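Residue numbers (UniProt numbering), protein chains in the order written: chain C, 1 to 594; chain L, 1 to 594.
Hints may be right or wrong, so weigh each one.
Note that identical chains are pooled: a pair holds if it fits in a single copy or bridges any two copies.
[What the hints assert, rightly or not] In silico DSS-like links for lysine-lysine, alpha-carbon gap of 25 Å or less:
| # | residue 1 | residue 2 |
| --- | --- | --- |
| 1 | K508 | K319 |
| 2 | K147 | K497 |
| 3 | K466 | K384 |
| 4 | K469 | K584 |
| 5 | K555 | K465 |
| 6 | K469 | K335 |
| 7 | K584 | K331 |
| 8 | K180 | K497 |
| 9 | K466 | K584 |
| 10 | K555 | K147 |
| 11 | K319 | K147 |
| 12 | K555 | K481 |
| 13 | K546 | K283 |
| 14 | K147 | K481 |
| 15 | K147 | K469 |
| 16 | K283 | K180 |
| 17 | K500 | K180 |
| 18 | K30 | K225 |
Because the hints were derived from the structure by calculation, they are not lab data. Note that this is a predicted model, so its numbers are computed, not measured.
Protein chains: 2
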Amino acid sequence: MGEYAAPLRDMQFVLHELLNVEAELKQMPKHADIDAETINQVIEEAGKFCADVVFPLNRSGDEEGCHWNDGVVTTPAGFKEAYQQYVEAGWPALACDPDFGGQGLPMFVNNALYEMLNSANQAWTMYPGLSHGAYEALHAHGTDEQKRIYLHKLVSGEWTGTMCLTEPHCGTDLGMLRTKAEPQADGTYAISGTKIFISSGEHDLADNIVHLVLARLPDAPAGTKGISLFAVPKFNVTPEGGIGTRNGIQCGSIEHKMGIHGNSTCVMNLDGAIGTLVGEPNKGLNAMFVMMNAARLGVGMQGLGLTEVAYQNSLAYAKDRLQMRSLTGPKAPDKPADPIIVHPDVRRMLLTQKAYVEAGRAFSYWIALQIDRELSHEDEDVRKDAADLVALLTPIIKAFLTDNAFEATNLGLQVFGGHGFIREWGMEQYVRDARINMIYEGTNTIQSLDLLGRKVLGDMGAKMKKFGKIVQEFVEQEGVKSEMQEFINPLADIGEKLQKLTMEIGMKAMANPDEVGAAAVPYLRVAGHVVFAYFWARMARIALDKQASGDPFYKAKLATARFYFAKLLPETAYQIRAARAGVKPLLELEAELF
Amino acid sequence: MGEYAAPLRDMQFVLHELLNVEAELKQMPKHADIDAETINQVIEEAGKFCADVVFPLNRSGDEEGCHWNDGVVTTPAGFKEAYQQYVEAGWPALACDPDFGGQGLPMFVNNALYEMLNSANQAWTMYPGLSHGAYEALHAHGTDEQKRIYLHKLVSGEWTGTMCLTEPHCGTDLGMLRTKAEPQADGTYAISGTKIFISSGEHDLADNIVHLVLARLPDAPAGTKGISLFAVPKFNVTPEGGIGTRNGIQCGSIEHKMGIHGNSTCVMNLDGAIGTLVGEPNKGLNAMFVMMNAARLGVGMQGLGLTEVAYQNSLAYAKDRLQMRSLTGPKAPDKPADPIIVHPDVRRMLLTQKAYVEAGRAFSYWIALQIDRELSHEDEDVRKDAADLVALLTPIIKAFLTDNAFEATNLGLQVFGGHGFIREWGMEQYVRDARINMIYEGTNTIQSLDLLGRKVLGDMGAKMKKFGKIVQEFVEQEGVKSEMQEFINPLADIGEKLQKLTMEIGMKAMANPDEVGAAAVPYLRVAGHVVFAYFWARMARIALDKQASGDPFYKAKLATARFYFAKLLPETAYQIRAARAGVKPLLELEAELF
């Protein structure tokens with residue numbers, strides 16, 4: 001059951017009409033030759049692959065799950081073959097460095113690929129997804145030798161990668177981690193400890209797995225300043241780069257989970273596993289953050305992908321399912337009842353999904369474009385500004401898109417009524433899969449603390465001002481035009497409110513640091529809405545310009561923008577009050593009196 | 001994994017300190033002899049049964065699920081034995097009519113029992129829960145013969161009951177149902193058709209199952225005015241009231257669902273099944289509404305029960321799990337990190353659950369007391385007023401408590417971080433189980449339409465005024481006291497806003513009935529908060545009065561009240577805006593342009 005088709009028109013709208021990526025790429029020497037047509041062709045092909053090869057394995061993968069037998073993990077039927085096709089088609093290499101066999105396409109193309117992969121099958125996508133993160137970390141921090149050994153294999157997809165952070169007693173609090181790395185005479189390290197929740201930690205898709213493992217050197221300082229990063233392959237690599245002896249890292253068991261059943265979530269036992277140091281000793285978290293930031297954006301794309309597929313399916317159902325008459329009289333008098341899409345609250349559920357997915361797409365593709373600017377723009381100032389914007393907005397991509405996705409997939413389920421609760425219809429899987437995205441790669445609370453504490457208050461609002469300036473310029477440019485006032489007025493208003501709220505919290509936090517913890521979650525929701533309001537206003541501008549074309553695509557875009565401002569943005573009225581209420585109502589009660 | 005203990009202190013607080021039920025019962029002749037001690041003893045015993053017998057089967061029942069084999073359904077291991085103990089202890093009879101073997105206790109005692117049963121095991125509880133609804137429908141609308149045959153068996157729990165409404169093509173829209181009832185020469189009816197989503201439709205717990213089936217007589221008018229209700233036993237009943245021949249109603253299959261795995265959700269095929277008419281021909285929905293209203297309150301209790309158990313478990317975890325230091329300095333310096341309950345956002349997640357469960361308990365026990373008043377009060381005016389309050393507030397119990405429960409169970413899961421997503425820890429089951437409560441017995445959208453369209457606007461606000469008067473009297477009585485202003489001011493404010501909103505929507509609905517559909521869902525959220533604000537203010541009043549006792553229970557109550565007003569009630573600022581935004585943003589876009 002279920003359906004998925006890549007939303008090509010909307011993706012192209014974002015890339016070309018909103019972001020004008022072809023012109024942007026002209027300012028990036030290494031991408032200057034890439035034109036819109038190439039991008040569209042790649043995305044179209046990727047869409048076919050996702051719909052035809054990956055999507056059909058989504059429900060079956062959920063039903064079957066992964067199998068563990070004495071350390072060997074078998075993925076659900078079809079996963080391995082689909083992965084082989086993925087590798088053969090060269091998809092892992094899409095945005096990778098040509099020096100290591102990559103195709104050198106911009107990040108935003110990869111982003112579009114991942115949106116579609118996640119719509120098609122989040123659990124499957126996590127196998128190549130983690131590999132890409134490992135590629136980025138090794139590309140940024142690996143030694144030449146590590147790059148030589150690992151990067152070609154990760155780029156080709158012959159090998160996959162993982163990130164091994166969490167231990168039973170520490171998830172968020174990595175400073176407590178205990179895994180030990182003993183230096184060996186040959187310059188390698190013997191690593192021992194237990195890691196849990198390792199996504200794609202063991203499986204049958206690839207010949208080898210490169211684990212990026214956080215561990216402590218013998219003389220390491222306590223806390224997060226004594227953590228080093230190691231590359232630990234499942235099979236030791238021969239001098240020729242081939243598969244050598246089995247390394248001392250084993251999958252002790254796999255977890256039984258609420259969702260993403262098709263992905264193996266592994267307990268990994270390291271018993272003197274041989275690894276090599278990545279980056280500098282005791283600075284492992286720095287190196288790992290490259291992977292974690294990539295992963296956080298990746299999780300945002302998981303949220304986006306699930307929102308899109310839940311929307312597509314609930315829309316189809318709402319047009320098909322006949323139930324009750326419209327309160328204003330029959331809309332399908334020839335049928336025994338009206339399709340439920342005529343009912344206002346079904347509309348609310350559909351439009352909420354639609355508004356979230358389209359703004360999320362605009363925002364996340366724009367962020368991917370900023371990453372391309374950061375990596376490749378010819379102007380150093382542009383690179384610096386882009387890096388700041390990416391740093392500022394990564395926690396919003398991760399938390400706002402995944403919170404929205406959980407709401408959206410739940411609305412998608414609700415549109416189906418009782419059938420939404422039945423596994424066969426496929427909607428409840430989206431909810432179960434979406435649930436993990438609010439937790440892993442740093443819970444959404446951690447994201448909100450990262451946003452407010454580190455990214456906003458941490459530099460006295462400097463990064464925030466950069467984004468504020470972008471919004472402000474748009475407001476000033478469009479605010480004088482009467483047809484834009486319905487969008488610009490609330491955008492300007494919420495922008496000012498966010499600024500004011502930021503200053504208030506900043507002041508309060510000086511007296512009591514817990515004020516940051518108390519305000520962070522609602523603050524992130526408000527900031528997310530500022531971003532979405534900005535992108536909806538920009539998309540409305542384009543839709544207004546092209547209205548005369550008569551293309552109903554623009555009419556739909558405009559109506560969705562109006563829905564967003566009328567029905568979703570007002571959530572900020574709640575969140576601002578919740579943020580402003582401060583820490584006192586949270587900490588008044590002693591813990592032992594709960 | 002997991003834990004549950006009946007929250008006896010809080011239940012007794014609601015029954016005795018808030019509702020003063022002993023004094024209330026004095027005005028109900030048939031309950032006048034029941035004292036507080038008896039009530040407490042019953043609840044304490046029930047709590048033990050729930051914690052010791054029913055709760056241990058919750059996880060295992062979820063893991064195992066039900067089995068179907070050629071029409072025979074086997075429930076998970078232990079379910080049958082637990083049900084036998086339940087029957088032997090007389091729990092099914094608790095609030096039933098002594099004329100049929102019942103114990104004649106008030107409804108609110110049954111309500112307390114059901115809160116605890118649902119905390120312990122929602123899927124299991126649905127077997128006796130549906131039976132109780134069937135008992136109520138037959139008690140109200142059955143013939144003497146039907147009462148004679150069925151009620152003793154339902155009261156004793158030897159037999160169970162179901163409600164058979166939904167068909168593949170109609171759930172919400174019962175007017176479309178097709179199941180046929182052909183009159184037979186002996187006054188019975190031969191019923192044929194297919195019913196789906198029949199909870200507890202077939203199982204191995206009891207000797208017989210009484211299905212209450214909606215069907216059409218041959219000459220029935222189209223739509224909802226041509227639906228009749230029939231009692232259709234699994235086994236025909238012998239003249240002596242024993243088990244006779246197998247009737248023509250069979251379980252064709254059971255559904256595989258997101259949650260409530262331990263409850264059998266059945267496709268029931270009727271092929272000339274023999275039934276008897278309940279109530280009048282073509283007025284089956286009237287009779288069924290007795291059962292549906294009972295079921296809607298029952299679903300609210302499912303939400304309440306899940307909220308309580310999720311809260312208990314996440315609280316225990318938050319006190320135990322060590323992770324990070326408080327931003328204001330170590331709180332457990334002797335430990336490697338602080339327990340996570342020190343972090344403000346963990347507090348938010350715990351207090352949200354706590355505030356929802358305690359207000360939900362106050363509200364739902366109060367409603368149960370109104371049902372007792374409706375059924376048993378000596379004064380007819382009191383009976384009438386109580387009936388109006390129950391009718392008005394039933395959709396709020398159903399929708400508000402279950403929406404809140406879904407949020408609360410999700411927050412409970414989130415407190416566990418990654419462990420919340422792992423089945424072994426038990427938290428994700430609460431989320432999956434909670435999800436159905438927003439759908440069945442009328443989706444929460446249907447509840448909101450019932451509230452706004454039928455219960456509020458349908459009588460020009462007459463019922464609403466009755467509840468408004470209760471709130472208003474409390475506001476006037478307490479508003480003059482300075483210590484109560486932090487609670488009374490926002491309560492009075494939100495009460496006025498709801499009144500204003502009601503009038504606005506009423507005006508708009510006269511011009512366009514779709515305005516009701518557009519506003520209903522946010523309207524119900526606002527109305528629910530008015531109810532919760534009222535009960536939190538009342539509980540705060542009691543806590544203030546007893547503060548001097550030094551009992552920390554009252555300190556906790558007061559702190560939770562303050563949290564509610566500071567952090568949860570402000571949701572209304574959003575919902576009022578969403579309601580007010582009206583229907584235009586929902587219907588602007590033609591269905592075919594989605």
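Status of K469 relative to K147 across identical chains (alpha carbons, at most 25 Å): neither (39 Å within a copy, 75 Å between copies)
Alpha-carbon proximity context of K500 and K180, limit 25 Å: So K500 and K180 fail the 25 Å test inside a copy (47 Å) and across (65 Å) alike.
Within, between, both or neither: K555, K465 at alpha-carbon 25 Å: neither (33 Å within a copy, 43 Å between copies)
Intra- versus inter-subunit Cα pairing at 25 Å for K546 with K283: neither (52 Å within a copy, 56 Å between copies)
Within, between, both or neither: K584, K331 at alpha-carbon 25 Å: between (53 Å within a copy, 17 Å between copies)
Intra/inter-copy verdict for K180 and K497 if alpha-carbon distance must be at most 25 Å: Close neither inside one copy (48 Å) nor across copies (61 Å); limit 25 Å.
K555 and K147: within-copy, between-copy, both or neither at 25 Å Cα: neither (50 Å within a copy, 61 Å between copies)
Intra- versus inter-copy proximity for K335 and K469 (alpha-carbon distance at most 25 Å): This pair counts as neither: shortest intra-copy Cα distance 54 Å, inter-copy 45 Å.
Identical-chain pair category, K147 with K497, by Cα at 25 Å: Neither way: K147 and K497 sit 47 Å apart in one copy and 64 Å across, limit 25 Å.
Homomeric proximity label, K555 with K481: Cα distance no greater than 25 Å: within (19 Å within a copy, 56 Å between copies)
Alpha-carbon proximity between K30 and K225, which holds within one copy, between copies, both or neither at 25 Å: neither (36 Å within a copy, 72 Å between copies)
Same-copy or cross-copy closeness of K466 to K384 [CA-CA at most 25 Å]: within (11 Å within a copy, 63 Å between copies)
Checked against the numbered hints given earlier, this structure breaks hints 1, 2, 4, 5, 6, 8, 9, 10, 11, 13, 14, 15, 17 and 18; the rest are met.
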